[in-house]
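*Asks:* Sequence:
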Amino acid sequence: MADKLRTQQELERLQAKYIGTGHPDTISWEWRTNVARDTYSSIVGHPPHLAYISVAQNEPAAKVRAQLLRKMVQPCGPPPPREGEEPVQRAAQ
Numbered sequence: 001m002a003d004k005l006r007t008q009q010e011l012e013r014l015q016a017k018y019i020g021t022g023h024p025d026t027i028s029w030e031w032r033t034n035v036a037r038d039t040y041s042s043i044v045g046h047p048p049h050l051a052y053i054s055v056a057q058n059e060p061a062a063k064v065r066a067q068l069l070r071k072m073v074q075p076c077g078p079p080p081p082r083e084g085e086e087p088v089q090r091a092a093q
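FYI, the numbering used here numbers position 45 of the sequence shown as 45, with every residue one higher than the one before it.
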């Protein structure tokens, strides 16, 4: 029983320390957003990986870096509406 409690406490500690590990109330959009942001930040933070991606796309490394940083804002689109909220309608142009 003590091992199970210790394991649960360790999991709670890790979830509090690292946002991306999730918790029981994490929705799939939040999880996908965390994974995408972690991936983009890893590519931007490792120059050889960034160089590999830029060569594969035939683009300058600075441009690829800027694109990845822009994608980090909302990598999986806008968040889904929460329960009890009305979906936001965009004005027709």
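Think of the hints as simulated: they come from the structure by calculation, not from any bench. Wrong hints could be hidden among the right ones.
Listed next, with one range per pair, are the computed distances between beta-carbon atoms [stated by the list, open to error]: (1) Glu12 to Arg70: 26 to 36 angstroms; (2) Ala51 to Arg13: 32 to 42 angstroms; (3) Ala51 to Pro24: 17 to 27 angstroms; (4) Lys71 to Pro48: 38 to 48 angstroms; (5) His46 to Ala16: 19 to 29 angstroms; (6) Ile19 to Tyr52: 52 to 62 angstroms; (7) Arg70 to Thr21: 36 to 46 angstroms; (8) Ala36 to Ala16: 20 to 30 angstroms; (9) Gln15 to Ser42: 37 to 47 angstroms.
Backbone N, C-alpha and C define an ideal beta-carbon position, used for all residues, glycine too.
*Asks:* Indicate, hint by hint, whether the structure satisfies it.
*Replies:* Here is how each hint holds up against the structure:
1. Glu12 to Arg70: 26 to 36 angstroms: Holds: the Cβ-Cβ distance is about 34 angstroms, inside 26 to 36 angstroms.
2. Ala51 to Arg13: 32 to 42 angstroms: holds (37 angstroms)
3. Ala51 to Pro24: 17 to 27 angstroms: violated (40 angstroms)
4. Lys71 to Pro48: 38 to 48 angstroms: Check failed, 20 angstroms falls outside 38 to 48 angstroms.
5. His46 to Ala16: 19 to 29 angstroms: At roughly 27 angstroms between Cβ atoms, Ala16 and His46 fall inside 19 to 29 angstroms, so the hint holds.
6. Ile19 to Tyr52: 52 to 62 angstroms: Distance hint for Ile19, Tyr52 is violated at roughly 27 angstroms.
7. Arg70 to Thr21: 36 to 46 angstroms: Given a distance of about 26 angstroms, which is not inside 36 to 46 angstroms, the answer is violated.
8. Ala36 to Ala16: 20 to 30 angstroms: holds (22 angstroms)
9. Gln15 to Ser42: 37 to 47 angstroms: Given a distance of about 21 angstroms, which is not inside 37 to 47 angstroms, the answer is violated.
Hint compliance for this structure: hints 3, 4, 6, 7, 9 are not met, and every other hint is.
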